[in-house]
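S.K.: Sequence:
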Amino acid sequence: MILPRRPAGFRALLLPLIMLLLLAVAAPVRAAGISLLRDADIEYALGRIAAPVLTAAGLSPSQIRLILVDDSSLNAFVADTSHIFIHSGLLMKLESAAQLQAVIAHEAAHISNGHITRRLGNMRSARTAAGLGMILGAAAAAASNNPQAGLGIAIGTQSSALRLFLSHTRAEESSADISSVRFLMRAGIDPRGAVEVQDLFRGQEALSLQRQDPYMRSHPLSRDRYRALQGLVAGHDAGKSDPGAEYWFSRLQGKLTAFKRAPSWTLRRAKDSASQDIALMRQAVAHHRQSDLAKALKNIDGAIALRPKDPYLLDLKGQILLESRRFPAAVQVYGAAANMAPRDAMVLGGLGRALVANGQPKQALSVLEKARSRDFSDPRILRDLAVAYAQTGQNGMASLVTAERYALQGRLKDAEVHAKRADGLLPRGSGPWQRAQDVLSAAKRAK
Numbered sequence: 012m013i014l015p016r017r018p019a020g021f022r023a024l025l026l027p028l029i030m031l032l033l034l035a036v037a038a039p040v041r042a043a044g045i046s047l048l049r050d051a052d053i054e055y056a057l058g059r060i061a062a063p064v065l066t067a068a069g070l071s072p073s074q075i076r077l078i079l080v081d082d083s084s085l086n087a088f089v090a091d092t093s094h095i096f097i098h099s100g101l102l103m104k105l106e107s108a109a110q111l112q113a114v115i116a117h118e119a120a121h122i123s124n125g126h127i128t129r130r131l132g133n134m135r136s137a138r139t140a141a142g143l144g145m146i147l148g149a150a151a152a153a154a155s156n157n158p159q160a161g162l163g164i165a166i167g168t169q170s171s172a173l174r175l176f177l178s179h180t181r182a183e184e185s186s187a188d189i190s191s192v193r194f195l196m197r198a199g200i201d202p203r204g205a206v207e208v209q210d211l212f213r214g215q216e217a218l219s220l221q222r223q224d225p226y227m228r229s230h231p232l233s234r235d236r237y238r239a240l241q242g243l244v245a246g247h248d249a250g251k252s253d254p255g256a257e258y259w260f261s262r263l264q265g266k267l268t269a270f271k272r273a274p275s276w277t278l279r280r281a282k283d284s285a286s287q288d289i290a291l292m293r294q295a296v297a298h299h300r301q302s303d304l305a306k307a308l309k310n311i312d313g314a315i316a317l318r319p320k321d322p323y324l325l326d327l328k329g330q331i332l333l334e335s336r337r338f339p340a341a342v343q344v345y346g347a348a349a350n351m352a353p354r355d356a357m358v359l360g361g362l363g364r365a366l367v368a369n370g371q372p373k374q375a376l377s378v379l380e381k382a383r384s385r386d387f388s389d390p391r392i393l394r395d396l397a398v399a400y401a402q403t404g405q406n407g408m409a410s411l412v413t414a415e416r417y418a419l420q421g422r423l424k425d426a427e428v429h430a431k432r433a434d435g436l437l438p439r440g441s442g443p444w445q446r447a448q449d450v451l452s453a454a455k456r457a458k
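Taking my numbering, the leading residue of the sequence shown gets 12, the next gets one more, and so forth.
Be careful, since some hints might not be right.
Straight-line C-alpha distance at most 25 Å; calculated DSS-like pairs for lysine-lysine [what the hints assert, rightly or not]:
1. Lys320 <-> Lys373
2. Lys271 <-> Lys306
3. Lys320 <-> Lys282
4. Lys271 <-> Lys309
5. Lys424 <-> Lys455
6. Lys282 <-> Lys306
7. Lys458 <-> Lys431
8. Lys320 <-> Lys306
9. Lys282 <-> Lys309
10. Lys373 <-> Lys424
11. Lys271 <-> Lys104
12. Lys104 <-> Lys282
13. Lys282 <-> Lys271
14. Lys320 <-> Lys309
15. Lys455 <-> Lys431
These are computed hints drawn from the structure, not numbers from a lab.
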């Protein structure tokens, strides 16, 4: 989905954040930040795995984004009708693509059955004031340069408010269970994966509230519901295994664990990967995290040789080179990746970042603007775009983009400071000037 550049895009995002802030006020417990892991390869893999399930649910795969939450707990949720969020802990715990598709089918059922839409509708009459921000599920994003994580990390909405919003009734859960099994069977996917996933959560109900996994509070599980789910899948054909889905599941899980686990853990287990290219990719990440550039490049080049038309392996090589300060080489590799995936915002963002680092801000501007038009919510793109504008002497635009980045992070005071600066530097009445007015208006309402 291509997001708008014009202020209308901001205004479309305003109401959901108003709803979010209402929930934050109502939540009695202390809020904690929710972080997102953004990676082009992982999100592409999630999209490939989810596509047949979403189609079976009557949803458009191109309109539903699957995003990874940086959280070790076992959870998945939806907070709007366009995003499905999966915790990294759950993704690392699952054992097959069918299990992941069962998780996706359950969350897709909440969307297709209208559970989220009803909640949003019930909140539209509330009165409050708020600033700019992503829709509830997308979360407000903030950049992080964590060299150990390696993946793009973004800070989002308050978890206590989000969990309050996500608390599903047992009736909704039962409805989603029934629908999810129907979606899986319609897509030719083994529905027993749904029961296998629920096995992961058995025993959670006996724990105290403080020790329970968040999934148990947002997705209440009962013995009756579990038995009903077993009955739903009993006697059904297991369906055919999808080699493509299994490949992408192994790949995304392999890449995620390579960044999240210790490098020694990855190197011991890489040989057990589903395919040689995945093993080499995992080894490349592990060696990169150990600052062994020679071995990292040898392994990623081996993976690319096996899949020469794979832009996401090139994207990883570009990341390795960029983080190793090999800027000219990073530009070349990211350029090749962008030629293969010209509409992937994160790949384009990587190319723009490399161009900025290589002292080519003018060339970076056009690339980063393309990336921004495709994913307005990525703060790394906005951060790099502001740097490129500043380095080309466009200080008004640099201040504007910085204001927008702070607004997306929910830092409205900082956003207001930069928006005021942009207001004084940009031509009055121009499109960028109007965007600055939107930020100022949102900051005023937030007060």
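S.K.: Look at each hint and say if it fits the structure.
M.R.: Verification of the supplied hints:
Using a Cα cut-off of 25 Å, the hinted pair lysine 320 and lysine 373 is violated, with the two alpha carbons roughly 28 Å apart. Proximity of lysine 271 to lysine 306 is assessed by CA-CA distance (about 19 Å); at most 25 Å being required, the pair is judged to hold. Pair hint lysine 320 plus lysine 282 holds up; C-alpha atoms about 23 Å apart against a cutoff of 25 Å. Our distance criterion of 25 Å between C-alpha atoms is met by lysine 271 and lysine 309, whose separation comes to about 21 Å.
Proposed proximity of lysine 424 and lysine 455 is supported: the alpha carbons are some 9 Å apart, at most 25 Å. Restraint check for lysine 282 and lysine 306: the C-alpha separation of about 16 Å stays at or below 25 Å, so the hint holds. A threshold of 25 Å between alpha carbons decides the hint, and for lysine 458 with lysine 431 the separation of about 16 Å falls inside it, so the pair holds. A threshold of 25 Å between alpha carbons decides the hint, and for lysine 320 with lysine 306 the separation of about 22 Å falls inside it, so the pair holds.
Using a Cα cut-off of 25 Å, the hinted pair lysine 282 and lysine 309 holds, with the two alpha carbons roughly 16 Å apart. Of the supplied pair hints, the one linking lysine 373 and lysine 424 is violated, its CA atoms being roughly 30 Å apart against a limit of 25 Å. Distance hint between lysine 271 and lysine 104 is fulfilled; the C-alpha atoms sit about 13 Å from each other, no more than 25 Å. For the given pair, lysine 104 sits about 19 Å from lysine 282 by alpha-carbon distance, which is consistent with the 25 Å threshold.
In summary, the hint linking lysine 282 to lysine 271 is supported, as the alpha carbons are separated by about 18 Å, within the 25 Å threshold. The straight-line distance between the Cα atoms of lysine 320 and lysine 309 is roughly 18 Å, inside the 25 Å bound, and the hint therefore holds. With a C-alpha separation of about 12 Å, the suggested pair lysine 455 and lysine 431 falls inside the 25 Å cut-off, and the hint holds.
Of the numbered hints stated above, those contradicted by the structure are hints 1, 10, listed in ascending order.
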